[in-house]
Amino acid sequence: MKTIPQKTLIKNGRLIDPKNNVDQVTDLLIDDFQVTKIAKNITESADHTIDASGKIVAPGLIDIHVHFREPGDEEEETIASGSAAAVAGGYTSVVCMPNTNPPIDEATAVEYVHRMGRQARKTFIHVMGAITKDRAGQELSEMGLMSQAGAVGFTDDGCGVQDTAVMLRAMKYASMLNQVVSQHCEDRSLAGNGVMNAGYNATVLGLPGIDPLAEEMMLWRDIQLAKKTGTRYHAQHISTAGAVKIIRQAKSEGLPVTCEVTPHHLLLTEEAIADYNTNFKVNPPLRTPKDIEALKQAVHDGLIDALATDHAPHLQSEKELEFLAAPCGMVGIECALPLYRKALIDAGVCDWPQMLSMLTWRPAHIINVEKGSLAVGDRADVVVIDPDAPWIIDATKFYSKSRNCPYQGWAVKGKVLYTLVAGEIRFEAKD
Amino acid sequence: MSKSKKIQWTRKHLIGLSDLSREEIEFILDTAKGFEEFSTRSIKKVPTLRGKVIVNMFFEDSTRTRNSFTLAASRLSADVIEFTKKSSSVSKGETLIDTARNLEAMGIDIVVIRHSAGGAPKLLSRSINACVVNAGDGFHEHPTQGLLDVYTIRQVRGSLDGLKIGIVGDIAHSRVARSDIYAMTKLGAEVTLIGPPTLMPASVRDLPVKVSYSLDDVIEELDVINMLRIQFERLGGNPFPSVREYSHYFGLTVDRMKRAKPDIIVMHPGPMNRGLEIESEVADGPNSVILEQVANGLAVRMAVLFLVNQASTLTS
Numbered sequence: 001m002k003t004i005p006q007k008t009l010i011k012n013g014r015l016i017d018p019k020n021n022v023d024q025v026t027d028l029l030i031d032d033f034q035v036t037k038i039a040k041n042i043t044e045s046a047d048h049t050i051d052a053s054g055k056i057v058a059p060g061l062i063d064i065h066v067h068f069r070e071p072g073d074e075e076e077e078t079i080a081s082g083s084a085a086a087v088a089g090g091y092t093s094v095v096c097m098p099n100t101n102p103p104i105d106e107a108t109a110v111e112y113v114h115r116m117g118r119q120a121r122k123t124f125i126h127v128m129g130a131i132t133k134d135r136a137g138q139e140l141s142e143m144g145l146m147s148q149a150g151a152v153g154f155t156d157d158g159c160g161v162q163d164t165a166v167m168l169r170a171m172k173y174a175s176m177l178n179q180v181v182s183q184h185c186e187d188r189s190l191a192g193n194g195v196m197n198a199g200y201n202a203t204v205l206g207l208p209g210i211d212p213l214a215e216e217m218m219l220w221r222d223i224q225l226a227k228k229t230g231t232r233y234h235a236q237h238i239s240t241a242g243a244v245k246i247i248r249q250a251k252s253e254g255l256p257v258t259c260e261v262t263p264h265h266l267l268l269t270e271e272a273i274a275d276y277n278t279n280f281k282v283n284p285p286l287r288t289p290k291d292i293e294a295l296k297q298a299v300h301d302g303l304i305d306a307l308a309t310d311h312a313p314h315l316q317s318e319k320e321l322e323f324l325a326a327p328c329g330m331v332g333i334e335c336a337l338p339l340y341r342k343a344l345i346d347a348g349v350c351d352w353p354q355m356l357s358m359l360t361w362r363p364a365h366i367i368n369v370e371k372g373s374l375a376v377g378d379r380a381d382v383v384v385i386d387p388d389a390p391w392i393i394d395a396t397k398f399y400s401k402s403r404n405c406p407y408q409g410w411a412v413k414g415k416v417l418y419t420l421v422a423g424e425i426r427f428e429a430k431d
Numbered sequence: 001m002s003k004s005k006k007i008q009w010t011r012k013h014l015i016g017l018s019d020l021s022r023e024e025i026e027f028i029l030d031t032a033k034g035f036e037e038f039s040t041r042s043i044k045k046v047p048t049l050r051g052k053v054i055v056n057m058f059f060e061d062s063t064r065t066r067n068s069f070t071l072a073a074s075r076l077s078a079d080v081i082e083f084t085k086k087s088s089s090v091s092k093g094e095t096l097i098d099t100a101r102n103l104e105a106m107g108i109d110i111v112v113i114r115h116s117a118g119g120a121p122k123l124l125s126r127s128i129n130a131c132v133v134n135a136g137d138g139f140h141e142h143p144t145q146g147l148l149d150v151y152t153i154r155q156v157r158g159s160l161d162g163l164k165i166g167i168v169g170d171i172a173h174s175r176v177a178r179s180d181i182y183a184m185t186k187l188g189a190e191v192t193l194i195g196p197p198t199l200m201p202a203s204v205r206d207l208p209v210k211v212s213y214s215l216d217d218v219i220e221e222l223d224v225i226n227m228l229r230i231q232f233e234r235l236g237g238n239p240f241p242s243v244r245e246y247s248h249y250f251g252l253t254v255d256r257m258k259r260a261k262p263d264i265i266v267m268h269p270g271p272m273n274r275g276l277e278i279e280s281e282v283a284d285g286p287n288s289v290i291l292e293q294v295a296n297g298l299a300v301r302m303a304v305l306f307l308v309n310q311a312s313t314l315t316s
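For the protein sequence lines, the chains are A and B, in the order given.
Under the working numbering, the first sequence has 61 at position 61, and the numbering climbs by one with no breaks.
Under the working numbering, the second sequence has 13 at position 13, and the numbering climbs by one with no breaks.
The shape of chain B in the complex, shown without the other chains (with noise of 0.2 Å):
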């Protein structure tokens, strides 16, 4: 485990990892060090937030980042408002801005928001005096995601150090891949993204990252393997012609897996196709650490909610 060093943390935004520096991530991570056995406690809860009000504002779909805020929330004792809107863009009504700040208006302390728009909690935290907390954006960045795949893969491993770490499958629409580059090639890890030409976003060269667009090529170098979900929601046209054949170069099977090496840690954002990114044996083996991602995502929401608001109680 790396030393812990003594930052003062300033940020009363979270927004995305692409601006934090090494120090500033590592501090994140053994803050949630110190929240992780809180879970096998027998009273979970502790008052640090207690009279503070978070609201979720989920724009999109999601089971997971929203449950996994919201218990952050509670075991750190704050009032948690469910602010859910299925829509995408909100130019006709009500506008972004004025939702929040007619929520901001009955006195919350912390916004997290997830949007399909990339850029849609910077332009929040532009404008209201919360924090904010980005939850995911569009294919920008989801920075709490990043946090817990560094968080796990230092759990197992103590270090990203010259780690080979693979991320396969979509990475042009993939907020997690861009939060997770930042992570760990921030934490000192050799990141290499492998999918097909048409799922690599424009001008992926210049990330500090290698490309591959054949898995069997790296797989067997690999420290660490991401499997990201395909995203059908996201895609347009068809960027490959069908999911047996993207099964077929990109999915993590069980024959992938025998080539690979004997300790790699295997990991998925959730939620999972089984069968197409990744079979099942695979994603429920001995090398996934799919669960403690989940189990992880709590302590990094808890450290992350606990130091943007004290940020924000310095700043005011």
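If we strip away everything but chain A, and leave its shape as in the complex, we get (with noise of 0.2 Å):
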């Protein structure tokens, strides 16, 4: 598709860009595909002008973990609706997870996932590929020809590489392409068949549990063979107190090790599931509060390196299943941004600038993109925020193809105005 360029000015917006330590009201001026200029009261004409006195203007929101069920589920999402989902929720550039059916785990495939998104034309997709051959953990995939066809990172995402031979080759093997292995921790052999965590909670429910034993031994393992191989290593949604107890030490230690949490694993614990509402049921499991404190507590120390949803479509039909066959994942993209002002800015955890950096900047370093920041010749991946508006979450309106949210009706504030990619409005909040 041709497009004519255009110009976009943005006007008196607060300019949040971590990577440059700019937090400063000023003008943007978008031409084409890129800034072309940051300054206070810039008069030069546009196509565009946006108002955004008294709002938030920052990079384009990076979700490193996103689940778009394309190929092989379109009836839960497909990459065109989740890439409006994404649009909507301010996210400029997503990773999506390669444990799609058929697995994302040659080359090929990685190229459909993109071609997908170019014709979506929404959000800018990314993916990442299987570690093994079929999601099998046995036979490391061709992350070779996955890499270069642009694939981000490696992951078996939905389980871990439980063999740990296994996964000590494909981290060797990655060091050789400098990408980054992405692991859901969880030993198998300790989860067992738990849905929930395991505590007094899942006792009363008659639920098998899951401890969090089982991330943990994964997360501490997977950063013994970091150490081993110098690899970059990136721990998923980690959810329990003692993982950021492990994260802690491994960044003490100069390791090259990363890691992400979820807006659920800082909002919900293993209470809500009292009424076997399957909404709830996700991998890791909600923990406790005592977790999310440990979580909010390494967010403000820094040790989160990325904010990311683990959006997982479901169909309702799926999630109607008794609460032991239901699948695991929520939907969340459309709502992420004000769920985390929740969590952390209204709890006092951090502040804007430093919010965004975990939302920007960081996820890029993590898959190794030059994204996430807003200089003059930066691509023009622009998000406006209005930081304090009201509204509340209603599933039912989602870009998404699934409903399958916790957070229906809930109260919340802080609402994407506008979302720009590479300079063109591709989402517009409709009042």
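Since no wrong hints were added, every one of them can be taken at face value.
If the Cβ cut is set under 7 Å, some of the chain B residues that face chain A in the computed set are:
#1 97
#2 117
#3 118
#4 138
#5 206
The list that follows gives simulated cross-link-like pairs (lysine-lysine, DSSO-like), each with its CA atoms no further than 30 Å apart:
#6 A:342 x A:397
#7 A:290 x A:413
#8 B:210 x A:290
#9 A:227 x A:290
#10 A:19 x A:415
#11 A:319 x B:85
Rather than coming from a laboratory, the hints here were simulated on the basis of the structure.
A virtual CB, placed ideally from N, CA and C, is assigned to each residue, including glycine.
Since each chain sits alone in its own frame, please combine them into the complex, following the hints.
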């Protein structure tokens, strides 16, 4: 599609560009696909002018953990519907996980995801490849060829690589490619058939539990492998106080280790499952208030590199099954920003610039892409946020095809007004 | 016998005993008392639920509980549909909700459900209009078993207040243990869970109970002992090294009985593994109320069906 280059002028916004330590009220001029001028009182004419008085202007958000279900489960989500949801949430880049059907475990599959992303023309679609063929945890997938096709890292997300020797081999091999290896930490022999956090609530509900150790053992193991191989290692959706402790230790040793945390692990606890509501079934499971406190402390201390949604769409009919049988996961990319605000800013854990750094340049750094900043010459991926606008989360109005949202009916603050990708307005709030 | 307080029974579902008050539990027991004598009459039926349809949805094997519910329903003159499906999770093919909605379309009034997944009855109660009675779900609850257990104890001892009750065995995977714990402690008993640590659930000490890993340490002080069945079908891995070792530590043997109080009440929810958790001589001995439990199950289930139906009539 050929488009005529356009100019967009964003006036009087509070420009927060954490990477460049910018936090000031200014104008921002976008010409074609890039930022061309940052100054007060820009008077040039533009095709679009956005009055951002009282609003935050920031680099477009980056979510390094989403499931857009294509190929294979298009009834739950497509790259097109997921992309529309992403820009509505302020996200200009996302990283799709490879646990599709079939999995993204070779180069043509990587190219397919990219192509569907370009066709959707909403957010920028990145993808991670599977570490092992068919995500079976045994043979290495063609990581090199997938890297050449543009994969930004590797993971068997949905499950962890159980065999330590396989994981060691994967990390050694990935070091040749300078790629990050990303893990869903869960020792299956410990997790067993668990469906929620092991503890009092699981006992009362009669549901098999997943002990925090299942996450922590694999995390600890992998960090030893990172130490040995020097390969960059990323721990997905950490959820326990013990995991925070392990990450803290690894970082203090200067190991190449990063981690992410989700909105639900910052806001929800195992108590939410009291009624067997499967919208709260997620893996890793919702934990305890003590774990939330530890995760918040980790955010405060700068240990958390990325805020990621783990946006995981599922059909209503699947979520209406018995708690044991229902799939894990929840959607949330369209309401993530106000949820982070609630969990972190309202709770006094961090401020907007700190929060936005975990949503922009720091996740970009993990996947080794030049994104997440808004200096002159940067690609104009921009989000305009009304930080205090109140609204009610209503999953029935989501662009996502799925409705498995645990925050239905929540009153939140913070609204995405505009999302620009490469200088083009791809989302504009309706009211 | 405790005095029956007049309360208004308002629950159209019986999912578990955890959220029932002492008064509600006693109300069910007193209602069951009224039905107890029916079994001794020559004509054993009453027309209470005539014209009502009850479906027994059993997704797990059961002989005792299913027959007990069927008989309870027929004594109340209800029509009974038997639905059995030996499939633990209906994730492929027709879902639980679809199955139930289809049955409901035929005009059923009460669903009695047994399911291998904890929470299945709750899910059902949210999805259909009929009354839902839990006949055992995973290792969540088995409320009518809990009720018939306390009913049986009350029958022998008049009251549970101050009684020391031991529940022995696989607590982790036992729905009976959970319902018993709620019913017994609400009625004033002190419950001790006895078994190896590998058969205790997570955070067991947060339950209103004591925990002991040694039957020998506590047997002398117990007024009631409930021997749970070792459910080989539910055990993952091998939580104890062998049947022989389990019996050695936790079996109710004739020798151990010699150290127990002479009037200790011996219970078992059935079906028994004779010689494993309980020796035959004990199971069939003078302290055993195992068959009384079965007989009382009928009265308790009649009471439950009667009460949930009454509540749904009131609310509709």
